Amino acid sequence: MSWLSRIANAFRSSDVDRGLDDEMAFHIESRIADLVAAGMTRDAAEALARRQFGNRLRLREESRDIKLLPWLDSLVRDVRLGARMLRKNGPVTAAAILSLSLALGACMAAFSLVDALILRPLPVHQPERLIYLTFPGTNPDLPENDVFSDPAFVRLRDAGRGRVDLFAMAYPSRPRVTFDVASGERETVRTQFVTGNAFELLGVGPTVGRLLTMQDDERQAAHPVAVLSHAFWRQRFGGDPGIVGRWFVMHGTKDDRQFQIVGVTEARFSGVEPGYSTDVWIPYAMQDPSTFGNSGYRALRVIGRLNENVAAEQVHGVLQAAFTNFRHEDVANNFGPDPPADRVANFINTPLRVRSAATGVSPLRARFQRPLWVLSAIAALMLLIAGSNVANLFLARIAARQDEMSLRLSLGAGRGRLIQQLLIESGIVAGAACLVGVVLAMVAAPAVVSLLKSTDDPVLLDLRIDWPFVAFIGGMTVLCSALLGLAPALRASNVEPMTALKANRGRTSARARTMRPFVVIQVAFSLIVLFVGGLLVKSFVRLSSVSPGFATSDVLLVSWEAVQHVERNQQHAALLQVLDRLRDLPGVAAVSAAEGNVLGRFGYNIPVPGTARETIEANLSRVTPGFFETMKIPLVAGRTFTRGDFELERPTVVIVNQSFAKRYFGDQPAVGRRFDLRWGGPRAPHEVVGVVADARYDLHKPPVPTIYVLIPLNGHDTLHVRVTGEATTIAARLREEVRATTPLLRVTSITSQSSMLDRTVVRERLLALLAGFFALVGLVLTAVGVYGTLSYTVVQRTREIGIRIALGARAVAAVRSVLADTTGATLIGVAFGLAGGLYASRFVTTLLFEAAPLDVSSLALPLGVLLLAALVAAAAPAWRAARVDPVIALRNE
Amino acid sequence: MTTRPDTLQGSLPLLVLTLLHRRGPLHGYAITSHIHDLSDALRIEEGSLYPSLHRMEEAGWIKARTITTEHNRRARAYDITAAGRRQLGVEEAKWRSVTDAVNHVLKHA
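In order, the protein sequence lines correspond to chains A and B.
Taken in order, the first sequence gives residues 1 to 893; the numbers are from the working numbering.
Taken in order, the second sequence gives residues 894 to 1002; the numbers are from the working numbering.
If you're looking for bench data, these hints aren't it; they were derived computationally from the structure.
Because the structure is a prediction, the values reported are computed rather than measured.
Keep in mind that a hint or two might mislead.
Claimed, not checked - From the structure, some residues in chain A lie toward chain B, with a derived Cβ separation under 8 Å:
{"no.": "1", "residue": "MET24"}
{"no.": "2", "residue": "HIS27"}
{"no.": "3", "residue": "SER30"}
{"no.": "4", "residue": "GLN52"}
{"no.": "5", "residue": "GLY54"}
{"no.": "6", "residue": "PHE843"}
Unchecked claim - Covered stretches of chain B, going by a simulated chain A footprint (3 or more residues, C-beta under 8 Å):
{"no.": "7", "region": "904–912"}
{"no.": "8", "region": "966–980"}
{"no.": "9", "region": "986–996"}
No residue lacks a Cβ here, since even glycine has one placed at the ideal position from N, Cα and C.
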């Protein structure tokens, strides 16, 4: 038993030991006091008292064994018995563990994602005192805007002084840099401009070297220093402390600049944005000089640390006043002459919001917070479904073990011991399921993250196993054990020792009835998951079937960079050469270029002729000749761009899409019409030479009015190549050809148009995939639950059915009596499920695309599927009930 | 003369249960003191009372609770339970049968 003592020591010995020590100390002190009172000296009294008491250590050991061993002994015996009982029912146990672990794994994966993206505080000093500023955005996808211009930041910073220390962190950029000048190799690093006080205010220190200070942020363009993040330092330089003092080159569109590395941040810090880590920080003063004082260039997040004893509400007033004042003065920069008064008023009175930055600032969170909560809720429902299912299995098993229980009770076992026994069994199942669940979660959570990212948009969520996660798992295990074990345990503890032994088939219907709530729970939750999952799947299918209006799968997007800085027209000429060379390649159908790789990113307001105050919003897409042919966007009227248009100094011909033509010119033909347009130069009349069909790059939205103009090729554009053969082999060929054509350019990445398009539906795909999967699993579990309950009922009532049939009842009546209970429970579950599903759908409506919750098909389909599954599950037990042979049934008695 | 602890050990439950039954809740030191006061012969190694008390506690014959003494110190006081009273009867019967048997042998040997 010595190993048991050792375990006991590990578990709860300290409390016991303290109690024993106190008790003995009290005894000895009392004895000393009495001896001293009787006239003995204190020293002599102490010596005598101790001698008379005996060996305290040995006595304590003895007492501890007396106190701990029975408890441990019964625990070990219960665990052994439990394991044996579970093994005896191998398949049932395995099924229970499997279904539970699936649900638990889903819950844990969801939790680790929620923890990483939403809950975890920034690893900085007192993160709860950090705030950041936002204002309502105009884009419905981003209801909150957190980008400010330099002059706005300066005004806010000055206004907050004394209450809040504001600093700026620019939106991260991804420039190309060369660390090793000898090889000249370029790589992309995530870079962020920060004001000099940022690190100090965040409370982040260096690992080596120093971080940025206000001295690095005094004069524009005068501080070519940089700080690396710890993670980047480890990954790129192997944690070499000699990196401090080294220089590197950052390649810009205009020039190359040198920076010196002065330090590395401490390990825990990699930026303020969960999901995206920053590699390199550079002083604010080193930004493009044109950004300073320019209210039109917005790229800054304004973050701040509240001073001691200042609440966020207290700083709002002064910041709002400063913001309103600033916007008041900034009207002229944002509106043309004689602007509409209501829009100006809206602009000036934009409310400023002070948000907590305790958990960081994250556009990823803004996009995925709701989907993640939805998935978490679904995972929780799954857990309830799986839990009820297993609880049902347990109940059935308890009923089968009624004899064992009543025998043990009759032999004098305490009810407490019986309950402990059953809770231990459910604890074993829950614990095993938890272990499997952790493994599943560790596979599933990174897989979900990888669904979120793409090659040029890495998402790095830190899905570590930390205390909150461990606590969550522990809580889940305890919750599951309680959920699974409690109902059976209470049920078992109600066993009457005598009656159970005497007539062990007496109270059958009562037993089946205890299983009924679980059927209700399973049906209800499974219907909710089916309903919501169905909506999400339907939404995704609808979205995927939207035709973008252009070729996708066979169009490759080729990004490039300038190897050296040359005159603009030289670059333009080089690109033209490349386009011509690629066009002639075998396997290439058409080639062109366009700014960026997404149509219509640029909003533009165009005044309607005759009414200077009315404007419509249009997108301006900058392309080269051949764009429509490459993208297979059909021409509806007029002509497309020609090489001749392109060679003009300032082309003033435009092509518009049908939405624009309809909106702007109504039913009148658009070709040949003119309107004023200002882009990249003074306002000038432009002539419409063609109308093309609508195309959309964001599948969620209807096509937007679009104006296509010609661009000189200049570094912001992407080559679009439509191929006819195998895309991957041609992609490699394209790199070669570009290298062979010109020494000025280099291909950086090649992706396909379809993968770009896929990125716009990432959220919907993720939700549809996971919710659909869970809906399916939930359905199977519910079917198993219904089957189990019915099978059990049939077994329990075989004798009764036999008697009925023997007395002349028809088989149908027997079946009906068996089904009645479960059917009732199913219908109650359906009612709850429908109500719950309609309620739950309110939380997903903003995530849906053309799928309405109150649609007949949205409701009928999950309901039909569920009832069908229940019917299938009920078929076999019902068949068995109908086939009960009264002779056999009664002979068994 | 001091009785060797091991011969006394077997009769400790009887002594303790009797004391608790007649005098109400007592802490360990009080139990020892009472035994000593009543009989100099029964001087035991004092500490060995405690494992015995804890064994009886585990068996459910006595129940401990924390009390505060008149000197304002916290101590564990033990009280006899219903099961303990039943056990007291058993122990008394056992003791009587043993002493009767021993006496019988002494008288008639």
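message: Under 8 Å is the threshold here; is the Cβ of PHE843(A) close enough to any Cβ of chain B for the hint to stand?
response: Interface hint status for PHE843(A): violated (52 Å vs cutoff 8 Å).
field: Given hint HIS27(A) near chain B, where the shortest CB pair must fall under 8 Å
entry: With Cβ-Cβ at 5 Å, under 8 Å, it holds.
- prompt: Under the criterion of a CB-CB separation shorter than 8 Å, is SER30(A) in contact with chain B as hinted?
  reply: holds (4 Å)
task: Given that the region 986–996 of chain B was listed as covered by chain A, double-check it with a C-beta distance under 8 Å for 3 or more residues.
output: Coverage by chain A is violated here, the residue count being 0 at a Cβ distance below 8 Å.
- prompt: Does the nearest C-beta of chain B fall within a distance shorter than 8 Å of the C-beta of GLN52(A)?
  reply: At 5 Å from the nearest chain B Cβ, GLN52(A) passes the 8 Å test, so the hint holds.
message: Min Cβ distance, MET24(A) to chain B: is it shorter than 8 Å?
response: holds (7 Å)
query: Within the assertion that chain A covers the region 904–912 of chain B, do at least three residues meet a Cβ-to-Cβ distance smaller than 8 Å?
result: violated (count 0)
query: How about GLY54(A): closest beta carbon in chain B under 8 Å, or not?
result: This hint holds: GLY54(A) lies near chain B, its Cβ roughly 4 Å from the closest one there, short of 8 Å.
Outcome, coverage of the region 966–980 of chain B by chain A - at least 3 residues whose beta-carbon is closer than 8 Å to one in that chain: holds (count 4)
Hint compliance for this structure: hints 6, 7 and 9 are not met, and every other hint is.
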